[in-house]
Each structure stands twice: as C-alpha cells, then as structure tokens.
Amino acid sequence: MNWHKLSIISGKELLSFSRDRRTLCALLVFPVLVTPGFVYMFRLALHNPKVAPMLVSGLFECLPIFFLSLVGHIAFEITAGEKERGTMETTLTLFATRTELVLGKYCAVVTANLIVAAIVLFFLLISLLSAALVSSTPVTWSGFSLIGFKAGLSYLTSVTYFAIVYPAILMLIGLFARSMKEAFSYLGPIMLLSILSTIAPLYGIGLSPLTLLVPGLNCLLLVQQYFNSSVDWMDWMILFCTGIVYAFACLKGAIFLIKRDAVLNRT
Amino acid sequence: MNQNKSIEVSHLTRHYPGRGGLVRALEDVSFACEPGGIYGIVGPNGSGKTTCLRLIAGLLHPTSGSVNLQGADLSRDFDKFREQVGFVSCTAQPYERLTPREMLTFCGRLAGLEEALEPKINSLISDLGITEFQDRRCGALSTGMRQRVAIARALVHNPGILIFDEPLTGLDIVARRSLMDQLLELKSSQKTLLLSTHIPEEAEKLCDHLFILNQGKLVEAGTVEELKDKYLTGSLENVLLTVLTGGRKTDGHPLAHP
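For the record, the sequence lines run as chains A and B.
Position 184 of the first sequence, counted from 1, bears residue number 184 in this note's numbering, the numbering being contiguous throughout.
Position 121 of the second sequence, counted from 1, bears residue number 121 in this note's numbering, the numbering being contiguous throughout.
Among the hints, a few may not be true.
Unchecked claim - Computed from the model, here is a short list of chain B residues facing chain A with C-beta under 7 Å: (1) Leu60; (2) Arg82; (3) Phe87; (4) Ser89; (5) Thr91; (6) Gln93; (7) Phe106; (8) Leu110; (9) Ala111.
Hints are computed from structural coordinates only; laboratory data are not their basis.
Positions of the beta carbon are idealized from the N, C-alpha and C atoms, including for glycine.
Extracted from the complex, chain A is given alone in its bound form (with noise of 0.2 Å):
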C-alpha cells in the first residue's frame, strides 16, 4: 500500500468535489435551510433546560440523514458517476493499484464528510449564539451548559461513527451501480432504514447487546441514551470496532467490484 499513491488520488477527488457546483450547493444549501429551526430551538432549550437534552439529542439524531444524503452524493459522483462520464477507463489505467484507487476515493469521502460536519457544527454554533441574542429574557446559561459536554461528544461520536460507516457503504453501492440513477434508487432504502432507526426508540428499542451489532441504529441508541443517563465505556467499543469492521467489510466488497470487468461497463 502506497499512502503517497492514496493522499494524491484523494486530494484529486477533493479538487474535483470543490469545482462541483451542486455538491458545493448540497453543502451549504441544508444548514442555511435548518438554521432558523436551529436557533428555535436552541431558544426552547435556554429558557427550559429540562427539555433540553430531548431537543438536542433529537437533532443529533437527524444529522446523520442529512450526512447519509450529501455523502451519498459525493461518493456516487467518484463511482458510479465516473461509469456514467467515461472517466473509470481513465481512472482504471493510472499508476495506482486497484485497491489504492477505492481506499484513495474513501478517504476523500471521509475528509468530504468531516468538512460537512464542521460545517455544521459551524451553524450550529451560529444558531447557539443566535439563539441568545435574540432571547428577549436573560438565558439560562448554567442550565445548557450541562448538556454542553455531552452534546458535543455525541456529535463527535455520532460524526466519527457515520464518517467511517457510510462512505464505505456508499462507495460499495457505487460500485456496483451503473449509474447515478441507479445509485440513488438503492440510497432511498438506506435512508429509510435511517429514518426507522431515530424512531426505533418510539417502539421501545434500546441499547442492547444484539442493537449494538446493527449499524446505524446502534450509534443513534448509544446517543441517546448517554443523552438520558449514562453509556458504559465497553459499549463505545464496541460500536466503534464493529463499525470498522462493517466498513472494512464494505471495502473489500468495493476492491472485489472494481477488480471485475464489469466496471467498464457503460450505461
């Protein structure tokens, strides 16, 4: 493995994400939209620290949908798109070995997604301090404050867990996909599956041994219930090694589908 080989074909793929005028709109056009719901409720959870936690582990729990969405977008471009423009010819015929060219491509998936998350948080933190200049009555500060930890470990949990994960299913989707078209019909379940999991607690399913193994639900549960009380340290591990594992699993599935000669298929 050349990491050399690898730091140069992601920062190629970045390039090209920067030059996208839809992916650059994708980027800013959600938190822009969902700031105004940000700083509404932000105001609820300075005035009413009890309802605080539920408020922001509520949002924490959307935030992958919206990630799931956006990256989806960006990895399919460097798969499934390069099928449909004609570039995998091209991308198949450069100094770099197959592998080196799906594991270049995940980690400009990954750097993608954490700029997209420090967006984010950037308007989130917007939102926060929007939120308190707008309070006509003086904030309650000491009470966010105690959530402040916790919501910002979650973020980076959730963030962290959902970078490594995602890209790598992603990228596997469009791989095997001949087109964008046909890549974006097999994200709609995977969002829906999302969607299910920030509900799944609604149908009284918690953190448990066998919900820890499921990807997705698992990250979701471990937020939100270290939101409500607290989370064992063993628990993190384990959704953090299966989560590698889920990804490396995904890879090789990726490596093995850009070995294949039907890669060079066009639609």
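On the provided structure of chain A, position chain B as indicated by the hints.
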C-alpha cells in the same frame, strides 16, 4: 517468449456470458509487435478490436492465453506493465473538472515523477499543441482537444508501448491530420504503437503492419503491401472487403480488383 518483441500475444481468448449464451469476443488470437513500428488492428464493428486492446492494456482479464510486454508476463507482473504502457481510448474521457495541466500533474505524480514532472509537462503541452487551453477545464474542451490531452496523459511517464483504441474517431479533418502527424512522430521515437481502427484509409496511412480481426478471430496479418499483393489489389479497402466478406460486395457481386 522473445525478449526483442515489445508486445507478444499468445492464444488470447476472451469469453463472457451474454443474454443469448456465451459471447466469444476474442478467440485464440496470437501476434507480436516489434519496437519502433505502428501496428494496426482492423476489423468491422464488434470484431473484438477494443477487447483485444483492453486485454493488452491490462484493463480486462483474459479467459485464456497470455500477453507479454517487453518480456514481462502481464498476468504475473501487472505493476511493471504500467510503466511500459500508455493507453488512449476514444471512450475514455478526461476528468471534467481538472484542467489539462492539472490532469497531467496528477497522472505524473502518481507515476512517481516529482522533480522531472514540470519540464516534462511543459514539453508535452508545447509538443501536442495544448498551450492555448492548458488552463481550461477538460469538461469545456472539444473532442480533438480532449484527444490531445489523452495522448499527453499516456506519454507523461514516457512508456515504450502506446495503445490507441480508435484514436481518430470523432475528429474533424484538421484535428485528424494533426493527430496523425503526432502519431507518426511518436513512431520515430522508437516507441511501439498499436492502434485499432475500422477505417482502411487511416490504417493505410498510419500502419506498417496490420492484423485483421473478424468475429473475434485473427483472419489475416501482414504489412499493407504484402496484403495488397496477396489479394491482387491496390487498395486496402478491397483487401478488407475480400477478407471480411469472402470476396463479395455487400450486394453479393464479386469484387472488381483495380
């Protein structure tokens, strides 16, 4: 295995499953190319030209048979072959959001050229007439411009073997002539050029040696002059028609030999 041959293809066969059963895209094809020549694979659409070139370039895996490039078995020494081969295809597109200069830098850095890269890119940009549009994104380039960028990309690591899959397809008369001149210049630099075409005039002007494929099989091989002498005709088009149709015109009448 002959070390003097830059390309040696032995019993190359490629089958793949199709809707109506097994598709025999290439069947027991063997030929060899020596350094410093332009070799052409000619044949009608669907005769297996692209499959053959993709197999030689390592993009596809053969069902059976072998490809040796400058003495190295492609299946055993896949990474070594990358240094030896430049591949240009009319279906392979450049990266739309990169400029030609950025694309060449990207390919050159992957090939491990760091310090020598900048002079090499400048020379390719100047030699292939890319200067005017070197900082324009590839997505905004015409077919001819893209084809020049593709050739520059294939040459950036200075390979000994260049494979072109229908390089003149879709080009206007000026771009076609310019590209033909560039291909002939490459020949003078002792590189081995293997190209595919289904247009006899192109093959006649460019190639020293021809391999005629039909329905996945190598049906004829030789220099242009040898083939003309063998089929008693002054035109390569008639040679091809005779080989491919069994000496009959499309209307069923025998060919007249000029």
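Exercise. So which of those numbered hints doesn't the model satisfy?
Worked result: Hints that this structure does not satisfy do not exist here, as all of them hold.
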